[in-house]
Amino acid sequence: MEIPYTVEARPDTGLNNVKLGIWLFLASEVMLFGGLFSSYVLLRVGAVEWPQGAEFLNIPIGTVNTIILIASSVTMVMAYASLKLGDFAKYKTYMLATVLLPVLFLCIKGYEYWEKVSHDHLPSHSTFLAIYWTMTALHGIHIIGGIVVNGYFWGPGSKMWHIKREMFENRVEAAGLYWHFVDLVWIFLFPVLYLL
Amino acid sequence: MDNVTTAEGIAHAEHAGHDEHELSFLQAYVFSQDHKVIGIQYAITALLFLLFGFTLMMLMRWNLAFPGRPIPVIGNFLGMANAPGGIMLPEFYNQLGAMHGTIMVFLGVVPLAVGGFGNYVLPLQIGAPDMAFPRLNMASYWSFFLGGIVMIASFFVPGGAANSGWTSYAPLSVIATDGQTWWLIGMIFLITSSLLGSVNFIVTTLQLRAPGMSFMRLPFFVWAQLVTSFLLLLAFPPLEAAGVLQLMDRVADTSFFMPSGLVTGDGPLEISGGGSPLLWQHLFWFLAHPEVYVLILPALGIVGEIVANNTRKPLWGYRVLVASVIFLGFMSFIVWAHHMFLTGMGTTISTFFQTTTMIISIPSVVILSAMFLSLYGGSIRYTVPMLFALAFLPMFGIGGLTGLPLGLTAPDIHLHDTYYVIGHFHYVVAPGTIFALFGGIYYWFPKATGRLMNDMLGRIHFWGSIIAINCVFMPMFVTGLAGMNRRLYDGGMQYAHLQGVLEWNQFMSYGAWALGFFQIFFIFNFFWSIRHGKKVDDNPWQSTTLEWQAPSPPPHGNFTTPPEVHRGPYEYSVPGASSDFSMQGQAPGAEPAKV
Ligand code: HEM
Ligand SMILES: [Cu+2]
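Chains as they are written, first to last, in the working numbering: chain A, 987 to 1182; chain B, 478 to 1072.
All clues given are correct.
Only part of the chain A face toward chain B is listed, based on derived beta-carbon distances under 10 Å: (1) 988; (2) 991; (3) 1007; (4) 1025; (5) 1108; (6) 1111; (7) 1113.
Covered stretches of chain A (chain B as the covering partner; in silico rule of three or more C-beta atoms under 8 Å from a C-beta of chain B): (8) 998–1006; (9) 1009–1015; (10) 1026–1032; (11) 1114–1128.
Keep in mind the hints are simulated off the structure, nothing from the lab. The structure presented is a predicted model; accordingly, all values stated were derived computationally and were not measured. C-beta: ideal position from N, C-alpha, C; glycine also.
Bound-form chain B, shown alone:
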């Protein structure tokens, strides 16, 4: 065994050296086909988009807190068409809102969670040398990048960026300014990117598992990514179809989504009519509901890894978790119309979707409960990644539980399109998913760089963020229940019934800016630690999964010796074992790998 591995090791070393010799700077770092480089490219691009999307929101929060007052300093740079005299125009507010949603979901969270973490971690965790199709992987990143450029560029076309919400409801979006056409083209690039990515992830997971890596030995993170990829693969194409139809409506004057008899400020529309605005909503939500699970599943996967590692215990109910994730994936295709209860689609259809929505919350609750039970009786290490993972659990809990009243047709009549909905999904996505992603960055940073991120700065980042973010989103339940609608340019100032809750608008805005402030600690920490973080060995968290068996950072081809898997993913504190973690690649009876 030893002889074989050394011989092979030398062969690989030679091979690797050979490769590096041939690669120019451009090939190695820009047009790289190595999943780790692509993962980092994805992650950094996505983090920049997250920052940009968040900045848009911080601007919007100014107008919500102080409607009609000039934005200090920044207002001067927004241009006459957007903010004359520094005062934000309603049209510009709509652009910011639509682009905030689009950027956060399609250019921020998903590319970071799937493109970034999926690409970097998944092949390592299953013991693969790379993704199955490295060139497609590169194409996927560049398609994403181009889509992002198109989206950002749309701010500079006449009339500005898309302004019909991230949902782009017709007929408004069809008669909107040119920015909407750019939005549709951008989306086609993003959909292509996710298609290439998802095929790659599924093939990699099914085909490139190391010897011994059976399905029930896959880390939970890999399962979460696998189901996510299926959702992306099957849910995005109908949106692509819808995007093509909307593009036709806009550029070829068709009426797929345009009913007869529409009148705008310029008089009756000269169109053939007879189309269906509801059709757009159906096609959009057929993607966008699975999309919300695309946002949450990788986060659950990351939290699972961090929780097991820091409780020094196996995840509670691994098989139940896997079954729940798969069931969730199936169910997420038949709940979409719970976003459309108020469209008049009929009570029979509503009742069906209400029922499926209640059913899908069962596996969600099971997963969350299993994570909480995993904590029970563990000797928890309160590392920075663990803090984020621990915060994720109740935050996701609040987000999920507030979804239940929305899924019931009767309360949704009151709650639909209010800030309550905004509160609901932000609890799932922001202190939920984004916190999990932060946790993941702190957790896998030493794998990618060989250095830890600074602990003190990490703790400041965590505590500041968790307090600030709750100041932003908790009051939304209050204002939403009071009847404050979403997408109001002035925060509802004109409504008599909202006068009592308006003051929360300022409070939430201060929360948002405080949240922005605490991200500075993260940004500084991230760049500083690349060079100056504390140097650590290959497995600083004493973890069990395969990625920690590779050198930090892993070389081209990942492993110095081809890994073989001998046990399940979370063998922590096995009775009788010589240490409190037994790595997946460690043969039975062998001493823990000296690292």
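Only chain A is shown next, with the shape it has when bound in the complex:
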């Protein structure tokens, strides 16, 4: 028996299963990062001293990374829009950019990490660095997850466009929602860790 509303929206809820599912998943992700940000606030408020982000972190590098992620969000939107317009070739191009930009982000992040390690600025150094490492690493894992998913929809997964077009569009849309969320987390992380 077929499961209903996998593709088309259910009239009374106005959503299909995938979309509702991804929103719920994102709600739980909000709680995950919400828990971490709350911990940050509590730890900082209770701390005797707390360094300025700039004492340890490189603001120009962080800014470049922020721009890269925002750019990848834009290409994600373009990719989805191209799909909706039926332009598959353009979709492929934009999606490739959406996959490669965060790879660049990770390379830069890796350089930052390497710099920290070489100055012995490890998580055990101080609570500030502990929360920096933990939150950026967890965010990094989310980035990797996004690269895998988007890479799949760019590569092998994109075959579905020729068979079940609407379903494919829905999936790309869901991947896009996730991707915007991951970017959004960074947009909070960057000022909180680097600037404040």
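Following the hints, position chain B with the ligands against chain A.
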């Protein structure tokens, strides 16, 4: 109408046959994506964990009753590191305690109530062919399974399993043996599992309701599961965050939960310090208070179904029940710090949480009252499921009412961390939730197997258990009020003020072992009835909800004809109707479905 359904029916039959042809044994029974198979997998795994967790407790009860005496027979098998000469070491007692709590809550009750009953019953009750995301459903089960394996395996690492309590309070848990790291990794698997499960339940409930199944026609069980899923979805992630932070504290030497200036037996700790042990407690209880409602809500749902069915009356105040459950769900996110009154977090915060705790008890009392009122004037059938449901009501009542003094800051100074607290929450979870789950098993067993469980064995199981379980938990209020602390390896033998109540320790232990004995009747009955139980038709309890309209056991895809819903969930004894139950799928004026 008839033509359409038959044509479709044939199409489905063909489709089903086609499917079965393609499925290998592994696909059909091990890596199945059918919600019914997954539900049964969940239920059986969870029952095994419940038995295991209970066994740990029966061992602990030996040492509480007879501190320092070798455990007969079993003591020889526990290993030199745990029980040299059969005498349990305090370190081992702590492992058993921590793992008992963890296993019962995270591997036993929740997977049985949500993973088992939710998976099996919910799609049937809303008239869905399956869960919305069958593959995620399978992933959820296997993630749970892996988490369980990690937890059990942790007993065999050096230093044994986690031993800082199921609450894993820092800084103790941070400096504890390796078992704690395994505990954290196990929890991450379990949290992932519950995340996948809860997304699936919510989407299924909102999206896959059969035509005509409006929200106010959902059985109460479905409402309870829906709210439960929201609690799991939103409360678990902060614990995941906390788990990651604690993992960092343990493996990367950070100090999230470690204050400055800590000294252990090996001298001062070499850490950066400046962390907050209270932060762990906040994050933990932000999950764990909603978690207690995760433990109780599915039980309330099951009891609702059984009560309506066996009183042959609609549930009293269905709308009030639904509203209360939703309100309870919201409130359960803002009461967590009532577990922390004695941490010195400040009187203003305590007063806030005392107030919210008093408010949350209102919907709890409303639900319980509605259930009791449902009994009034009914011609009650004392079936085995009904016995369990009837016992649930006062037991949950005792558990809930004893929670009130705990929620008030002043009496909690005396009661906190005593056996009174243990008594309180066990009344809610054991003779409460677990009894409801037993009731649910007896009730839905014929749906899953086409056979009834044996009635006589069921009654022995019930009466033995209800008496024994009260012998275990009632005296805890006495010893707790006398000041007996929880988590004492020797049951408080060394304290002068406890000498008068120590004898209860033995009494409670005999109660626990008797309780264990009466479970044998259940285990035997369960397996025996699968093959030899009395064969029954699709609706042996003459029930109204949709699951009883499907064949027993339901085929892949659940219903032979796609169900349509014409009425509310509990139309029992409708005046003028031809029988005392009108099924939800029965069109107005039509004769009751011949089954
Ligand atoms: C309905 C009203 C309830 C109230 C007012 C209430 C209140 C409380 C309070 C204040 C505590 C903390 C006591 C202390 O540590 O000093 C507590 C502990 C606990 N309650 Fe409840 N409770 C209620 C219902 C429930 C329910 C329905 C459950 C579970 C199904 C439950 C499970 C627990 C557990 C597991 C603990 C102990 C946790 C631990 O410290 O290990 N409670 N309750
Ligand atoms: Cu609580």
